[in-house]
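The primary structure of each chain is shown beneath.
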Amino acid sequence: MNEFRKDFLILNQEVNGHPLVYLDSAATSQKPEQVLEVVRKYYDFDNSNVHRGVHTLGNRATDAYEGAREKIRKFINARSTKEIIYTRGTTTSLNTVASAYGRQNVEEGDEIVITYMEHHSNLIPWQQLAKEKKAVLKYIDLEEDGTISLDTVRKTITPKTKIVAMTMASNVLGTINPVKEVATIAHENGAVMVVDAAQAAPHMPIDVQDIDCDFLAFSGHKMCAPTGIGVLYGKQELLEKTEPIEFGGEMIDFVDLYDSTWKELPWKFEGGTPNIAGAIGLGAAIDYLTNIGMERIRQHEHELVAYALSEMEKIEGLRMYGPKDPEKRCGLITFNLDGVHPHDLATVLDMRGIAIRAGHHCAQPLMKWLKVSATARASFYLYNNKEDIDALIEGLHAAKEYFNNVIE
Amino acid sequence: MSLNNLDQLYRRVIMEHYKKPRNKGYLDENNVTIDMNNPTCGDRIHLTLKINDGIVEDAKFDGEGCSISMSSASMMTEIIKGKKVEEAIELADIFSKMMLGEEIDEETLDELGDLAALQGVSKFPARIKCATLAWKAMEKGVKQQELK
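For the record, the sequence lines run as chains A and B.
Okay, so the first sequence: first residue is 1 according to UniProt numbering, each after it adds one.
Okay, so the second sequence: first residue is 1 according to UniProt numbering, each after it adds one.
Certain hints may be false.
Below, simulated EDC-like cross-link-like pairs (lysine to aspartate or glutamate); rule was C-alpha separation at most 20 angstroms, straight line [unchecked claim]: (1) A:Lys371 with B:Asp62; (2) A:Lys133 with A:Asp110; (3) A:Lys371 with B:Glu64; (4) B:Lys20 with B:Asp58; (5) B:Lys19 with A:Glu401; (6) B:Lys123 with A:Asp253; (7) A:Lys368 with B:Asp62; (8) B:Lys83 with B:Glu111; (9) A:Lys368 with B:Asp35; (10) B:Lys123 with A:Glu14; (11) B:Lys129 with A:Glu243; (12) A:Lys263 with A:Asp253; (13) A:Lys368 with B:Glu139; (14) A:Lys400 with B:Asp7; (15) B:Lys50 with B:Glu139; (16) A:Lys82 with A:Asp212; (17) A:Lys386 with A:Asp350; (18) B:Lys81 with B:Glu111; (19) A:Lys400 with B:Glu16; (20) B:Lys123 with B:Asp93; (21) A:Lys314 with A:Asp287; (22) A:Lys314 with A:Asp253; (23) B:Lys20 with A:Asp338; (24) B:Lys19 with A:Asp338.
Keep in mind that the hints were calculated from the coordinates and are not lab data.
From a predicted model like this one, the values you see are computed outputs, not experimental measurements.
Excised from the complex, chain B in its bound form (with noise of 0.2 angstroms):
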């Protein structure tokens, strides 16, 4: 493998998100927080979801991380934003599916967006944790609102 290989993970999409991350930052503490970190590397997120009638309104978070983990959060939170509680988790499970390597159809790949250009996360196992981290936030956020 040479580094040409790491355009596979590194794409460029995934940099201007690392570089430039949306939804940067904190809603009112009245809103859904969670804290998650991985403990391993050390890598850590603070997301905050507004979820209001079943759909998650607004999102931000903060953290610190490698480029993979950061812009997979910054990715989610613009991709989660005004869609149904539902409809976000179904895209975590369609993510951590392509986490694992499967295959993933054209339509849904379209559905992802910029979070297609994480798939090849899937050629580096020490690298899905990182990836992953921001999704699970956002799982066990849904999961506290549920049980308000």
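Excised from the complex, chain A in its bound form (with noise of 0.2 angstroms):
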């Protein structure tokens, strides 16, 4: 997998002395250079405006977006392109589903299903929803190692129940959840499923027609895209039923001075000129990952866990949040180690060149859960190796050691 590594220019330089060791790909990847040429050579040659000049520009334009649309499409095996919408990320994505569908189908007294791993950004636009609406916001409870049982999915959700919102994989415990199960749970409940996916769509494969989610969210810059572009799946008989609430450019049909039409799907979701170079950066990152392989990539960061996991295990006084079974989490590990505050741990580690998160992850409610105020998170995405790893150890090590001596 290392073969991987050229292509990423900015894995080659020094840091505090040390060659860069990135683990912080749960926040946001490194970019390929074949992404990067792409969006080089749209600003190169293509750059103008979609959907509106009759110049040639305008067409190359506009044939790079849609042309991406298709790609995004294939990549989540959706029906159609009508059903792939451009967001500027997942947070816009889930807000859009919050504010669009769910202000327009949920109501007093109505029920809304999540979870406590959510990310902030699959839990705040569902809180402020249930508050505006008097509707009930419902917690699926974790088990202890972090996962979530089906038994307790069934009891959480009921004929009330009007929203399933829940991600794919935990950013802060590396869960993988059983979205497609759940999805049928809700459906029999006649709620609708919404899953974040931004830590599964870059790492795994992902088929919404076998998830049979309603909408589903993700970003480009989790996957080597750019920053600022990302995508709102939603099912195409939901999404026609559903009011934009973005207007302005772009996504009108007619205007009249008293009344106007909206364009026809995907174009009515997205008002004012699109992050075009986003959109095609997007494009780009999905072609690299999907000539790779996303089952190649599953395999590779499963490889990853499975021996940090081992190695991690035998550092006294570390311990590891979430499922210990490496075939139920994705590629990060999140941590403490006895009396070192991870913020403390980052600084050491960046010392030596590691890039790891250290605070509460945007999942302030799961940092409840865990009964701590911050955790420390190394992740891993393609382009890391098993030196990666034996970096991390070392640094754990030495970390350690360093604050065990300045403590005495």
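If you follow the hints, you should be able to join the two separate chains into one complex; please do so.
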């Protein structure tokens, strides 16, 4: 898998006098040359607005922009490009579902079901919607190992439930959730299933028809594409019935003084000049990932996480969160070293050129559940290798020793 | 930069304050209470100040955070106790200048006592907010008191 490292020029540098070890891909991934080149070429030769100009550049830009949409459709196996809406990212996608579909379909007394492991992006929109509509926000409790039991899911979702929103892979616990099975339970109760795929889309194959989810959200920047571009997938029949929430240029069909009509899907949800270069970059990122193969990426990360888990287990005083079984996890490990605050740990690792995340990871209710205020997190991607993990392990030993000595 | 550079950040006195914080706890609710957090990393502080006739008679803190944020709070409560409010604010200004990496003369450094150990934080931009959290809380508390 190291063959792909060369595509990421950023990795070829020293940080604080050490070769960079980038273990923060769950926050944002690095971008390969193949993606940067496509974005550069667009600006160099085709830059123009989409769906407006009748000139050649306008056509080229539109073709590339819509071509990327088809790549995304194929990537998640949606039925039609009408179901693929460009957004700024996962947060905007989920907010759009809550503000558009949610606000139009949830009423007082209805239930919205989420889990304790949601990222704030898949929590606050539902919390606020529930407050506004006087609906009931219910949490699916977690098992001790940070997984979700379908029995608990069945007990939490009821015929009153209108929306079930769940992450496909947790950005803290690493847990991969049974979203397909949960979607079935949601549908049996007449609810729609919303999937937050921010940590899943970059790392494993996704088939929205197989999951049978109603909405699914992910970001480009966590999967080798530029920042500021993301996707909202929605079933066509639901999107057709949902009114847009952003009005203005690009999304209109006909405007009269006192009323207007909207373009058809997917454009009715894409008000304003879109992130054209971002969309094209996301298309290029999908080409890049698909050429490698999502199964292969998943397998590679699985091997890394299994190796890291077994090595980290040997470090005394290191606590890891989430399922112990690597089969149940995606490629990230969240942990704490006894007596060392995660920020302090992150600083020590940074001095060795190792980039990890420390903090609450935008999952404060989950931190409460874990009974910690913050954690450290190492996350892997296709460009990481065993040496990166060895560097992390050495760094953790060094940090432990350093703080033991400095404290005495 | 090697691990030795960390010694600029983690001076022994900082780790001592982290391990054995001074003035940890609460004053009763009649006093000025301030809650502050650093939303980017989740550090939080609960500070209570007893201010009488323009003098900070007592200060206590509780909170959760890294060694830098908690030791800074411990040192701050220690140094402002018994000082006039204006003196406390002046110290906050000096501290803030120190965090920005400005030259501080020997005499002023002496005045800062243990706090001078935090000077190295200015070389770690990601950690400056940790060090200033308690000070921001104190400044907010003083303003609250003035408005009363």
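Do the hints match the structure? See the list:
no. : hint                   : result
1   : A:Lys371 with B:Asp62  : holds, 17 angstroms
2   : A:Lys133 with A:Asp110 : holds, 9 angstroms
3   : A:Lys371 with B:Glu64  : holds, 12 angstroms
4   : B:Lys20 with B:Asp58   : holds, 18 angstroms
5   : B:Lys19 with A:Glu401  : holds, 16 angstroms
6   : B:Lys123 with A:Asp253 : violated, 56 angstroms
7   : A:Lys368 with B:Asp62  : holds, 18 angstroms
8   : B:Lys83 with B:Glu111  : holds, 12 angstroms
9   : A:Lys368 with B:Asp35  : holds, 18 angstroms
10  : B:Lys123 with A:Glu14  : holds, 18 angstroms
11  : B:Lys129 with A:Glu243 : violated, 43 angstroms
12  : A:Lys263 with A:Asp253 : holds, 5 angstroms
13  : A:Lys368 with B:Glu139 : violated, 29 angstroms
14  : A:Lys400 with B:Asp7   : holds, 15 angstroms
15  : B:Lys50 with B:Glu139  : holds, 13 angstroms
16  : A:Lys82 with A:Asp212  : holds, 17 angstroms
17  : A:Lys386 with A:Asp350 : holds, 19 angstroms
18  : B:Lys81 with B:Glu111  : holds, 14 angstroms
19  : A:Lys400 with B:Glu16  : holds, 16 angstroms
20  : B:Lys123 with B:Asp93  : holds, 18 angstroms
21  : A:Lys314 with A:Asp287 : violated, 39 angstroms
22  : A:Lys314 with A:Asp253 : violated, 62 angstroms
23  : B:Lys20 with A:Asp338  : holds, 16 angstroms
24  : B:Lys19 with A:Asp338  : holds, 13 angstroms
When held up to the earlier numbered hints, the structure conflicts with 6, 11, 13, 21, 22 and fits the remainder.
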